[in-house]
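Here is what each chain is made of, one letter per residue.
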Amino acid sequence: MDSTGKSFFFRGSSLTMGESICAAALIPIVAAMDFLFLAAINCFGYRPRPRPKKCLSGFADMTRLADESRFTVNDIEALYELFKKLSSSIIDDGLIHKEELQLALFQAPKGSNLFLDRVFDLFDEKKNGVIEFEEFIHALNVFHPYAPLEDKIDFAFRLYDLRQTGFIEREEVKQMVIAILMESELNLSDDLLEEIIDKTFADADADKDGRINKEEWKTFVLHNPNLLKNMTLPHLKCITTLFPSFVFNTGVKDL
Amino acid sequence: MTIVEILENEWFKKGYKPPRFEQADATLGDPGSVYNESWDSQNLVVEWKEERPAPPIITMNAFELILASQPQGLDLGCLFEKQTLQGFVKRETRFTSKCPATEIISKIERAAKPLGFDVKKSNNKMKLLGEKADRKGHLAFTAEIFQVAPSVCMVELRKSGGDTLEFHKFYNRLSARLKDIVWTEGHEVEETNGPVPSGR
Numbered sequence: 001m002d003s004t005g006k007s008f009f010f011r012g013s014s015l016t017m018g019e020s021i022c023a024a025a026l027i028p029i030v031a032a033m034d035f036l037f038l039a040a041i042n043c044f045g046y047r048p049r050p051r052p053k054k055c056l057s058g059f060a061d062m063t064r065l066a067d068e069s070r071f072t073v074n075d076i077e078a079l080y081e082l083f084k085k086l087s088s089s090i091i092d093d094g095l096i097h098k099e100e101l102q103l104a105l106f107q108a109p110k111g112s113n114l115f116l117d118r119v120f121d122l123f124d125e126k127k128n129g130v131i132e133f134e135e136f137i138h139a140l141n142v143f144h145p146y147a148p149l150e151d152k153i154d155f156a157f158r159l160y161d162l163r164q165t166g167f168i169e170r171e172e173v174k175q176m177v178i179a180i181l182m183e184s185e186l187n188l189s190d191d192l193l194e195e196i197i198d199k200t201f202a203d204a205d206a207d208k209d210g211r212i213n214k215e216e217w218k219t220f221v222l223h224n225p226n227l228l229k230n231m232t233l234p235h236l237k238c239i240t241t242l243f244p245s246f247v248f249n250t251g252v253k254d255l
Numbered sequence: 001m002t003i004v005e006i007l008e009n010e011w012f013k014k015g016y017k018p019p020r021f022e023q024a025d026a027t028l029g030d031p032g033s034v035y036n037e038s039w040d041s042q043n044l045v046v047e048w049k050e051e052r053p054a055p056p057i058i059t060m061n062a063f064e065l066i067l068a069s070q071p072q073g074l075d076l077g078c079l080f081e082k083q084t085l086q087g088f089v090k091r092e093t094r095f096t097s098k099c100p101a102t103e104i105i106s107k108i109e110r111a112a113k114p115l116g117f118d119v120k121k122s123n124n125k126m127k128l129l130g131e132k133a134d135r136k137g138h139l140a141f142t143a144e145i146f147q148v149a150p151s152v153c154m155v156e157l158r159k160s161g162g163d164t165l166e167f168h169k170f171y172n173r174l175s176a177r178l179k180d181i182v183w184t185e186g187h188e189v190e191e192t193n194g195p196v197p198s199g200r
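Heads up: the sequence lines are chains A and B, in that order.
Mapping of the first sequence onto our numbering: position 228 corresponds to residue 228, and the numbering continues sequentially without gaps.
Mapping of the second sequence onto our numbering: position 1 corresponds to residue 1, and the numbering continues sequentially without gaps.
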């Protein structure tokens, strides 16, 4: 009688004991986490490590960029690691200059390249001759596997519209093909070159005006989706694994 | 019931087809190809399809040619790749040929086998796997043949595994054997049985 009574009582109270243990433990834990979180945010502003002159003001910017794109905050942080590396390769000012982009893409800072100019121009939204981190993110966002097709189609069109006339002209296509043939030391006779371009325009130039407009490009690309294959970088889905050093610099960290 | 017993049970066997596991094509150089499963192009064969007749080869259009040549400016993926070597060591190389695709394929196979490579073919793609492994694993690369025009093919050899310098060494030895199919400036390719002027 006694033992069962006791055990019953014990069982009864163990429930409440468990609850009270939880209550006793959780509340301080939550409070502690809250404190740590707020401290971390405040701490972020006082990080002692050297920061480039034009830099983000911190966690809030990273979150905003993440919200405006297909990237998570951790992705943005990892991309910031990449951006820092690229933007300090020649001139350490927290901005990517054309030579630095060239170095990154071609491993050589000198020499001109048709596509480099277009790519740089498309990244440089403000057209001030440098790529800022925000512009970097906006452009890379288009290459994300989950970015809308419309954006990729548009980016590719502006890429190939060398003279930015709003049309991809025959001369521009010829110029691009000649450039890639020279770069890859491939051989094609002039006749063959013309034949290939003729075929391209026969397929793409619906109104036969000798140039491809936005709408024609869109139709063409939707029929030939492999033409957009360079507009998607699968790396962007696993960017945090490519730049693990961000883990040590992440804004959300313990004190 | 053990798994073995389940597998042998009549109930289980009804309508059951044992799964066939295909090796993940992770060694093929192009990471984008994994995401291209639904993109079927009449010109470029991206998927492995066994025992299917080769798709009809039609002349490429200019943009396909541009992309197939993978000009450095258009490939932003290299921003994310480790650049361990000073200077630029390309991971792929290409040449044009006036020979038909089938001939190119058999020539490459004949040239690569004695160099110690195991060759697998599918449509216009070949996978070559080196037999000996070094510190960086087996040297592996893919050869892809694009029909640029009715009489001209572009052959691209892309490293998909192993050391890049080894790849270049191998390519030099291979190209010495492929001299008669490579189309070089001012060099008309003769019939394979005829005398062949030395090319590049």
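One should not assume that every hint holds.
[Unchecked claim] The following residues of chain A were derived to be distant from chain B, with all beta-carbon distances above 12 Å:
hint, residue
1, R118
2, N128
3, A156
4, A204
5, K208
[Said to hold, decoys possible] Derived lysine-lysine pairs resembling DSS-like cross-links, with alpha carbons at most 30 Å apart:
hint, chain 1, residue 1, chain 2, residue 2
6, B, K121, B, K107
7, A, K229, B, K120
8, B, K125, A, K152
9, B, K132, B, K121
10, A, K229, B, K98
11, A, K174, B, K113
12, A, K199, B, K169
13, A, K237, B, K132
14, B, K169, B, K121
15, A, K98, A, K126
16, A, K237, B, K125
17, A, K152, B, K121
18, A, K229, B, K132
19, A, K174, B, K169
20, B, K132, A, K199
21, B, K98, A, K174
22, B, K127, B, K107
23, B, K121, A, K229
None of these hints come from the bench; they were simulated from the model.
Idealized CB from N, CA, C, for every residue including glycine.
30 Å limit on alpha-carbon distance, applied to hinted pair A:K229 and B:K132: Violated. A:K229 to B:K132 sits at ~33 Å, over the 30 Å cutoff.
Restraint status (C-alpha distance of B:K98 to A:K174 at most 30 Å): holds, 22 Å
Given pair status - A:K199, B:K132, alpha carbons within 30 Å: violated, 45 Å
Least C-beta distance from A:R118 to chain B larger than 12 Å: Answer for A:R118: violated, closest chain B Cβ roughly 7 Å.
Pairwise hint evaluation, B:K120 against A:K229, where the allowed Cα distance is 30 Å at most: Judged against 30 Å, a Cα distance of about 25 Å means the pair holds.
Agreement of A:K98 and A:K126 with the hint, judged by alpha carbon distance not exceeding 30 Å: holds, 14 Å
Hint consistency between B:K121 and B:K107 [alpha-carbon to alpha-carbon, up to 30 Å]: holds, 12 Å
30 Å Cα cutoff - pair A:K152, B:K121: Measuring from Cα to Cα gives roughly 33 Å; hence the hint is violated.
Hint consistency between B:K121 and A:K229 [alpha-carbon to alpha-carbon, up to 30 Å]: holds, 23 Å
Satisfaction of hint between B:K121 and B:K169, Cα-Cα up to 30 Å: Measuring from Cα to Cα gives roughly 23 Å; hence the hint holds.
Given pair status - B:K132, A:K237, alpha carbons within 30 Å: This hinted pair is violated, its Cα atoms lying about 34 Å apart.
B:K132 paired with B:K121 [C-alpha distance capped at 30 Å]: holds, 20 Å
Of the numbered hints stated above, those contradicted by the structure are hints 1, 3, 4, 11, 12, 13, 17, 18, 19 and 20, listed in ascending order.
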